[in-house]
Structure formats: structure tokens, C-alpha cells
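**Student:** Chain by chain, the residues run as shown.
2 protein chains.
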Amino acid sequence: MAKQIGLFGFGVVGQGYYSIAKKHQQNLLPKTIVVQNKKKERNPELSFSFDPNDILDSNYDIGLELISDPEEAYHIVSTLLKSGKKVVSANKKMLAAHLPEFLQLEKEFGGSLLYEAAAAAGIPIITTLDTHFAGDQIEKLEGILNGSSNYILSQLFEEGLTFEEALKLAQDNGFAEADPTLDINGSDVSSKLAILILHAFGKFVPEKDIPTLGVQHIRKEDVILAQKLGLKIKLIAKAQITADGITAFILPSLVNPKNALYWVENEYNSVKIISRNLGEQFYKGKGAGSLPTGASVYADLTKSERGYSYSYDKLNGELPKTFQPKSGNLEVIVRAHSENAIKSLVPEAEIVFNQEAYWSVATISAQLLQEKQTLIQEEEISIVALNETATKKDVLQALKEEVKVTISLN
Amino acid sequence: MAKQIGLFGFGVVGQGYYSIAKKHQQNLLPKTIVVQNKKKERNPELSFSFDPNDILDSNYDIGLELISDPEEAYHIVSTLLKSGKKVVSANKKMLAAHLPEFLQLEKEFGGSLLYEAAAAAGIPIITTLDTHFAGDQIEKLEGILNGSSNYILSQLFEEGLTFEEALKLAQDNGFAEADPTLDINGSDVSSKLAILILHAFGKFVPEKDIPTLGVQHIRKEDVILAQKLGLKIKLIAKAQITADGITAFILPSLVNPKNALYWVENEYNSVKIISRNLGEQFYKGKGAGSLPTGASVYADLTKSERGYSYSYDKLNGELPKTFQPKSGNLEVIVRAHSENAIKSLVPEAEIVFNQEAYWSVATISAQLLQEKQTLIQEEEISIVALNETATKKDVLQALKEEVKVTISLN
Ligand SMILES: NC(=O)c1ccc[n+]([C@@H]2O[C@H](COP(=O)([O-])OP(=O)(O)OC[C@H]3O[C@@H](n4cnc5c(N)ncnc54)[C@H](OP(=O)(O)O)[C@@H]3O)[C@@H](O)[C@H]2O)c1
Ligand SMILES: NC(=O)c1ccc[n+]([C@@H]2O[C@H](COP(=O)([O-])OP(=O)(O)OC[C@H]3O[C@@H](n4cnc5c(N)ncnc54)[C@H](OP(=O)(O)O)[C@@H]3O)[C@@H](O)[C@H]2O)c1
Chain Z
1 MAKQIGLFGF
11 GVVGQGYYSI
21 AKKHQQNLLP
31 KTIVVQNKKK
41 ERNPELSFSF
51 DPNDILDSNY
61 DIGLELISDP
71 EEAYHIVSTL
81 LKSGKKVVSA
91 NKKMLAAHLP
101 EFLQLEKEFG
111 GSLLYEAAAA
121 AGIPIITTLD
131 THFAGDQIEK
141 LEGILNGSSN
151 YILSQLFEEG
161 LTFEEALKLA
171 QDNGFAEADP
181 TLDINGSDVS
191 SKLAILILHA
201 FGKFVPEKDI
211 PTLGVQHIRK
221 EDVILAQKLG
231 LKIKLIAKAQ
241 ITADGITAFI
251 LPSLVNPKNA
261 LYWVENEYNS
271 VKIISRNLGE
281 QFYKGKGAGS
291 LPTGASVYAD
301 LTKSERGYSY
311 SYDKLNGELP
321 KTFQPKSGNL
331 EVIVRAHSEN
341 AIKSLVPEAE
351 IVFNQEAYWS
361 VATISAQLLQ
371 EKQTLIQEEE
381 ISIVALNETA
391 TKKDVLQALK
401 EEVKVTISLN
Chain W
1 MAKQIGLFGF
11 GVVGQGYYSI
21 AKKHQQNLLP
31 KTIVVQNKKK
41 ERNPELSFSF
51 DPNDILDSNY
61 DIGLELISDP
71 EEAYHIVSTL
81 LKSGKKVVSA
91 NKKMLAAHLP
101 EFLQLEKEFG
111 GSLLYEAAAA
121 AGIPIITTLD
131 THFAGDQIEK
141 LEGILNGSSN
151 YILSQLFEEG
161 LTFEEALKLA
171 QDNGFAEADP
181 TLDINGSDVS
191 SKLAILILHA
201 FGKFVPEKDI
211 PTLGVQHIRK
221 EDVILAQKLG
231 LKIKLIAKAQ
241 ITADGITAFI
251 LPSLVNPKNA
261 LYWVENEYNS
271 VKIISRNLGE
281 QFYKGKGAGS
291 LPTGASVYAD
301 LTKSERGYSY
311 SYDKLNGELP
321 KTFQPKSGNL
331 EVIVRAHSEN
341 AIKSLVPEAE
351 IVFNQEAYWS
361 VATISAQLLQ
371 EKQTLIQEEE
381 ISIVALNETA
391 TKKDVLQALK
401 EEVKVTISLN
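Protein chains in written order, with the UniProt record's numbering: chain Z, 1 to 410; chain W, 1 to 410.
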């Protein structure tokens with residue numbers, strides 16, 4: 001017998017799922033669609049409701065939570081799980097905040113929760129981590145997880161646009177929200193990385209504990225330097241196992257052409273995994289958009305209907321289970337508008353003046369990156385990780401080639 | 001209660017699976033291991049048997065078929081399916097020949113058959129096609145599916161080895177079999193592509209109907225020409241939907257650096273898919289070896305144990321369901337040792353003499369490629385597809401730059 005499906009939200013993602021179900025399998029269409037805004041015009045052939053309880057209180061088997069309001073989304077998902085229902089969600093912010101509680105509810109009430117679209121939307125990375133890496137030990141996970149940021153970087157590198165022009169184009173093309181803050185400051189990426197860390201390493205990490213910097217301060221000067229070195233800058237999210245435990249960072253990073261991430265352009269996302277059994281695996285696909293995201297939701301729905309639930313294999317694994325948000329050092333290029341700004345971040349480092357900015361190459365700790373967030377934001381300091389692409393010497397050399405004044409050497 | 005697992009075969013793949021299960025979850029270790037050779041020394045702590053019926057006749061829940069003998073493998077898999085058992089197999093040749101029958105047995109007797117390791121060993125491509133592309137329409141699937149061939153091509157391009165040296169190195173490193181015929185003549189790839197076509201397009205295609213040429217005739221001359229054009233040669237397996245139906249080819253092909261397949265080196269495999277909902281997706285991972293292949297088998301086992309079976313979503317899809325083995329034209333570069341050889345393949349084409357060989361650029365049909373197999377093998381004719389990388393003019397230009405004699409122009 002066909003399952004009864006209730007849908008919350010009919011925006012970009014909800015409509016994507018709907019159009020796929022309509023083309024493919026009518027019995028996976030929703031019986032009721034809950035939305036919020038009573039003034040919007042709606043297709044009169046669909047049965048819309050403005051009361052979540054029309055689904056929550058009724059005999060629906062599967063609930064699809066695809067709304068943009070994290071609080072209401074939390075209410076919907078937890079209520080459905082408490083009734084032992086099958087749930088699909090795409091709400092990364094909300095999921096990254098509540099996954100441990102949801103896992104508990106699944107166990108207690110026998111429901112299930114799938115959320116493939118919540119990280120790297122179109123790429124089946126969560127299902128793959130959950131099934132294909134069963135029995136494996138992941139050493140490193142690295143990815144490009146925000147389509148807007150990657151689109152902006154591609155436009156800076158390939159088309160020579162300014163940051164402002166690139167951001168505007170991303171918005172015009174629907175790759176960045178009207179308020180792009182969460183996209184460009186890396187916050188969207190930290191939600192996704194938190195979810196991936198749970199599936200890859202079996203540890204729940206609050207996203208605020210992941211040292212994060214987005215692309216918001218990347219400007220032409222950084223692009224010119226990278227190009228001089230034959231490299232590109234990508235916003236890389238990285239988590240790995242070290243002797244101390246799991247470390248993670250999100251930082252603009254130099255990448256070279258030998259790295260598959262170098263070739264990921266525009267709105268594409270990608271994930272690279274190094275594991276004991278499988279060696280290196282690499283996945284690339286669309287990270288946002290109505291059909292790619294709707295397709296992941298639809299795939300979750302078909303899996304859910306057939307009884308699939310995440311095994312959370314890694315939660316029972318043999319890995320180091322501590323998370324070390326303050327451990328780990330990174331070699332980075334720092335650029336600021338004033339000598340003082342750079343000195344407050346890396347007091348000891350050699351400073352070079354180039355392209356009307358102050359630069360240095362220094363080793364900074366994750367702890368410092370966390371502690372100095374206010375300074376970094378206020379002074380619009382650009383930080384780019386070297387990421388095994390170039391040596392400090394190469395970078396300093398490239399900076400000095402057109403050097404105007406060498407400010408200090410201590 | 002722990003399921004009873006029976007294992008057939010304890011070679012490269014069987015031992016890979018075994019070592020993963022041993023590290024991860026002891027209740028997924030086999031109770032009995034059936035092998036063939038009574039003279040081999042075996043670990044006395046494991047319970048080996050030389051009689052398949054020790055598993056086939058008994059109360060085992062899941063059978064892992066990992067032997068190298070296709071006939072016996074067919075017997076094992078069909079017997080298990082007829083008893084409604086869960087089965088995992090890695091035997092691409094055997095599967096490509098018998099899948100329709102096995103699907104029938106699954107339906108009739110309620111068992112299930114998973115075979116992730118049979119195509120692109122370490123990459124979870126079959127599960128992904130089966131779950132993630134549910135409700136999607138795949139337009140094109142393209143991949144590098146044989147690690148030995150790709151390893152040889154990498155050695156030709158990156159290290160400047162001769163074909164014979166590269167093949168020897170592939171064998172020494174365990175990437176090619178002692179008898180490498182099936183690897184280098186593309187036959188291994190056609191088994192894999194036949195399996196992938198079933199999951200991607202919902203159509204069973206006998207592998208012999210796929211026009212196929214391997215890397216066996218690729219020599220330094222071809223490499224030099226490709227490098228002059230700034231391109232590489234990869235052995236590309238390709239299937240796509242055209243107005244007439246599904247077409248498929250396996251041919252050495254030029255690829256350019258913008259194509260992710262260009263960067264797939266050595267023993268790695270990869271698959272690129274273009275679909276209506278997801279746009280372009282790209283996966284890369286190891287295509288052979290004890291742990292990568294064992295990991296796919298182990299993942300299948302955990303999925304199987306949890307009740308997962310393939311949905312064969314595309315078998316019920318909306319796609320053109322005819323296969324057109326003889327349709328489709330390809331622009332190719334042809335190289336032969338004699339003018340006559342080249343004329344027997346492409347009688348009308350302009351012939352250029354370069355690097356002591358006869359060349360031409362021509363459009364050939366899939367039908368011709370099939371019909372002329374004997375000629376191609378006997379004359380060791382090299383055929384490389386242009387694959388949207390360079391124009392006929394570019395290639396002829398490159399060939400003529402160092403031209404010694406232009407033989408004929410008609
Ligand atoms: N867009 C993407 O590419 C993408 C990719 C991955 C994940 N996601 C996630 O998917 C979710 C949905 O994103 P979207 O892009 O589809 O958003 P959207 O286009 O802004 O649509 C949001 C929908 O949610 C409904 N809604 C908002 N608040 C509600 C409430 N309190 N009660 C009931 N309905 C409410 C809206 O109702 P009205 O129709 O009445 O306005 C609208 O239908 C978000 O969690 C997002 O992070 C999006
Ligand atoms: N190697 C790879 O990387 C790879 C990758 C993907 C798929 N595969 C597929 O996986 C399968 C196994 O390959 P492999 O590389 O592991 O082969 P292998 O190393 O040659 O081992 C073959 C095993 O099968 C056993 N065997 C052979 N014939 C048998 C028979 N009639 N009855 C019972 N046992 C028999 C052998 O027994 P003895 O121990 O007594 O010799 C041996 O244990 C093949 O179908 C292959 O195509 C392999």
C-alpha cells in the first residue's frame with residue numbers, strides 16, 4: 001500500500017522534490033503541503049495547509065521537512081520522531097545543532113531520519129559514508145562544501161571579477177541567498193562539516209568548535225599572489241585523525257592542479273576521503289539548487305520507504321574519539337590593511353609590503369584562529385592556508401618580487 | 001542473532017574482505033571458506049572446505065561468492081538464489097552474462113544479490129546508481145573502468161615508458177593479471193559497462209554487443225601526438241541516450257585537462273554521470289586490489305544483512321529502452337603500420353605518414369568497429385577517439401608538422 005507522505009515547505013527544495021516525484025512516481029507525491037505565507041499565490045490543484053498539525057497529528061507515514069525556519073523545523077522533526085515516523089530533512093543548521101538528540105529519539109521511538117541534502121546537496125556523501133565506509137577507518141576528509149563561495153572564487157580566478165562583482169553575480173544566478181552572510185563567512189560549511197564528521201569519524205562536534213573562516217576577505221591581491229605561484233584558492237573544509245584525536249578547520253586554502261579539488265569550479269561541491277581500506281576516494285557534484293537538492297530528498301524518500309536508515313557505523317568504531325578544536329597548526333599567508341593588524345595576529349612574523357597591503361607567512365594554531373575571530377573580522381584580515389602546496393620561501397619570494405617596502409624583519 | 005556467513009574463494013578479494021571483517025566486526029566473519037586447491041598451505045585456525053555443498057546444502061544466511069572460476073561461480077550464485085539466500089558476488093564476467101536470470105531468481109525465491117565490487121571495485125557506483133539516481137534520468141555515463149589499462153597509459157604518458165615496459169610494471173605491481181589479455185583488450189571493461197548500463201539505463205546489454213577496443217595497440221607514437229595537442233589518452237567506456245536509444249563504446253580516447261577524467265592516473269578508476277536532476281556527478285577511487293575490493297564486498301555484506309537489495313529503479317523508468325550497438329558515429333584517429341591496413345578500415349580518408357606510421361582522421365561507425373575487429377587485431381591498428389577535444393584540422397596539422405611524406409589525398 002502506498003505510504004502517506006506529508007511535506008513541510010514548498011520553496012526551492014520542496015518544489016524540486018515535488019517535480020521529480022511527479023515525473024517519476026505519483027505515489028511518492030505529498031498528500032498535504034504545509035507552508036506559512038497566506039498571501040502567496042498557490043497552485044489550486046495541490047492541497048496546501050498553514051497548520052503543521054494537519055500532518056503532525058495525523059496518520060502520515062513519512063514527513064519531509066524542507067522549510068527555511070530552523071526553530072519550526074526542529075519542532076517538526078522532533079515531533080515526528082517522537083511518533084516513531086520516518087523523516088527526511090535538508091536543514092543543515094538545525095541538524096548540526098540537534099543530531100545527538102534526534103539519534104536518541106530514533107532509538108527510543110523506532111522512527112528514522114535521513115538528511116542527504118543537508119551536506120553537499122546533490123552528492124550522496126552521507127549515504128556513502130554510512131554504507132560504503134562500513135568497517136573502514138577514515139583518516140582524512142576534505143571538501144568544497146559551499147557552492148556560493150566556490151562560485152565567487154571561480155569568478156575571481158577565471159573571470160578576473162572583483163569580490164563585489166562576483167558576489168552580485170552569485171546572487172543574480174541564484175547561487176547565493178539575498179543575505180549571503182552564512183554562505184560567505186563559512187558558517188554554512190561548518191554546519192555541513194559537523195554533520196560529515198559525525199558520519200566519518202563517529203563523533204558529534206558542535207559547529208561553533210570548528211575553527212572557521214570563509215571567503216569574505218579574499219580579494220584580488222590574494223588571487224594575484226596565488227596565480228603567481230601557479231595555484232588557486234578554494235574554501236577547504238578539512239577534518240582528520242591525528243595522534244591526539246580529530247582536528248578540523250575551514251579556511252581558504254591554496255590548492256595545486258594535482259589536487260582534484262583544484263578543478264572543482266563554480267557552484268560545484270566535492271569531497272575527498274582518505275581511508276585505510278579504500279585509499280583515496282573523490283566525489284564531485286552540485287551543492288545546491290532546486291533539482292539537485294530535490295533529487296537527494298527524493299532519493300532519501302525512496303530509501304526511507306524501503307526501510308533504510310543510517311547505521312552510524314562509526315559511532316561504534318575503533319577511532320580516537322576526542323575532538324581537538326584547539327589543536328593543530330597551520331601554515332598560512334596573512335594579509336591585512338595595516339601593520340598593526342598583522343602584528344596583533346602574528347607578532348613574531350616577518351612582514352612584507354606588496355600590492356598596497358601587509359603580508360606575512362606564519363604558523364598559526366587553531367586556538368589562535370578561534371580566539372582572534374573578532375580581530376580578523378574587524379580588520380578584514382585575509383588568511384589563506386598553504387596546505388602543502390608551496391613553501392614559505394616560495395611565497396615570500398613571490399611577495400618580494402614586486403616588493404615596495406620591507407617593513408620589518410625580526 | 002548473528003547471521004551465518006559462507007565464503008567461496010580466499011584469494012586477493014576473499015582475503016581482503018576477511019581482514020576487514022576481522023578488524024571490524026567478528027560476527028561478519030565466515031563460518032566456512034570453500035576453496036579449490038588441496039595443496040595450498042592454509043591458516044589452520046580457519047575452517048576451510050573443498051566442497052561447495054558444505055555451504056550450499058546448509059543453513060547459511062549469506063553467501064559471498066569470490067572465486068575466479070566463472071562457471072563454478074554461476075553454479076554457486078544460482079543455487080544460493082534458488083534457496084532464497086542473500087548473495088554477494090564480485091565476478092563481473094559471470095554477472096554480466098547472467099544478470100537477467102538472477103533478477104528473475106531473486107523475484108521468484110525472495111533472495112537478494114549485491115555486487116558492488118564487480119564494477120569500479122572500490123567506488124560505490126552501483127549502490128549510488130540504484131539509490132541516489134532514483135527518479136532521475138541519466139543522459140550519459142562515462143568512465144575509466146580498468147586499473148591496469150589506466151596504469152599502463154599513465155606510465156606511457158608520465159614516465160615515458162614503452163608499452164611493454166609499462167605492462168611489465170603493471171604486472172610486477174599486481175595491477176595486471178599474469179595473463180593480462182582481458183585487462184588490456186577492454187573485455188574486463190565491457191563486462192563492467194554492461195552491468196552499469198543495466199543500473200543506469202534499465203536495459204540489459206550483452207557485453208559482446210558493446211563496440212570495444214582496449215589499449216593493446218597504443219604505442220609511443222600515439223602518446224607523442226596526444227602530447228603535441230596538449231591532451232592525454234584514456235581508455236573511456238561511454239554509454240548515452242540518443243534519439244534512437246542507448247549507444248555505448250569502449251575506446252582509447254583523447255581527453256583534455258578540463259575533463260576530470262584527465263586527472264585520473266595509475267590504478268584509479270572513475271565514473272562521470274550526466275543526469276537530468278543532478279547535472280554532472282564525478283566519482284574517483286581505486287578500481288582493484290585486496291582492500292579496496294574487499295571493502296566493497298564488506299559494505300555489500302553489511303547492507304545485505306540489514307535487508308538492503310537493489311531496487312533496479314531504472315527498469316521501471318521512462319527511458320528509451322532500445323540498445324543500438326550499431327548506431328552512433330565517432331571521430332577517431334587511426335594509425336597503422338601499412339597504407340593498405342588503413343585503407344581497409346577507412347578507404348576514403350586522407351592518409352598522412354608520420355613517425356614511420358600511416359595515420360588518418362576519420363568518422364567511423366560503431367557497426368564498422370564491430371565488423372572490422374579481426375582486421376584491427378591482426379594489423380594492430382590503433383584507434384583513438386577525438387571525444388570533443390580537438391578538431392580533425394588540429395590533429396592533421398599536428399601530424400603534418402613533422403610530416404615526412406604525404407601519401408595520398410583523395
Ligand atoms: N536551496 C538549496 O539549494 C538548498 C540546498 C541544501 C539544503 N537546503 C535547505 O533546505 C531547506 C529549505 O530551503 P529552500 O531553499 O527550499 O528555502 P525557500 O526557498 O526559502 O523555501 C522555504 C519554504 O519553507 C516555508 N516555511 C518557512 N518557514 C515556515 C514555517 N514556520 N512553517 C511552515 N513553512 C515555513 C516557506 O513557506 P512559504 O511558501 O509560505 O513562504 C517556503 O515554502 C533549508 O533548510 C535549506 O538550508 C537548501
Ligand atoms: N583482484 C581484484 O582486484 C578484483 C577486483 C574486482 C573484482 N574481482 C573479482 O573477484 C573474483 C575473485 O578474484 P581474486 O582476484 O580474489 O582471485 P584469486 O586471487 O585468483 O583467488 C581466487 C580464489 O577462488 C578460489 N577458486 C577458484 N576456482 C574455484 C572453484 N572452482 N571452487 C572453489 N574455489 C575456487 C581459489 O581457490 P584456491 O585458494 O584453492 O586457489 C582462490 O581462493 C573474480 O571474479 C574477480 O574478477 C577481483
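Bear in mind the hints are in silico, worked out from the structure with no lab data behind them.
Source: prediction; values computed, not measured.
No residue lacks a Cβ here, since even glycine has one placed at the ideal position from N, Cα and C.
Mixed in with the good hints, there may be bad ones.
As a list, the in silico SDA-like pairs of lysine to any residue whose alpha-carbon atoms are at most 25 Å apart [as the list claims (entries may be wrong)]:
| no. | chain 1 | residue 1 | chain 2 | residue 2 |
| --- | --- | --- | --- | --- |
| 1 | W | 258 | Z | 262 |
| 2 | W | 107 | Z | 331 |
| 3 | Z | 208 | Z | 2 |
For each label pair, taking beta carbons as the anchor points, the in silico distance ranges come out as [what the hints assert, rightly or not]:
| no. | chain 1 | residue 1 | chain 2 | residue 2 | range |
| --- | --- | --- | --- | --- | --- |
| 4 | Z | 400 | W | 22 | 54 to 62 Å |
| 5 | W | 243 | Z | 4 | 51 to 59 Å |
| 6 | Z | 2 | W | 315 | 18 to 26 Å |
| 7 | W | 322 | Z | 75 | 44 to 52 Å |
**Student:** If you test the structure against every hint from before, which numbers come out violated?
**Tutor:** Going through the list in order, the structure violates hints 2, 3 and 5 and respects the others.
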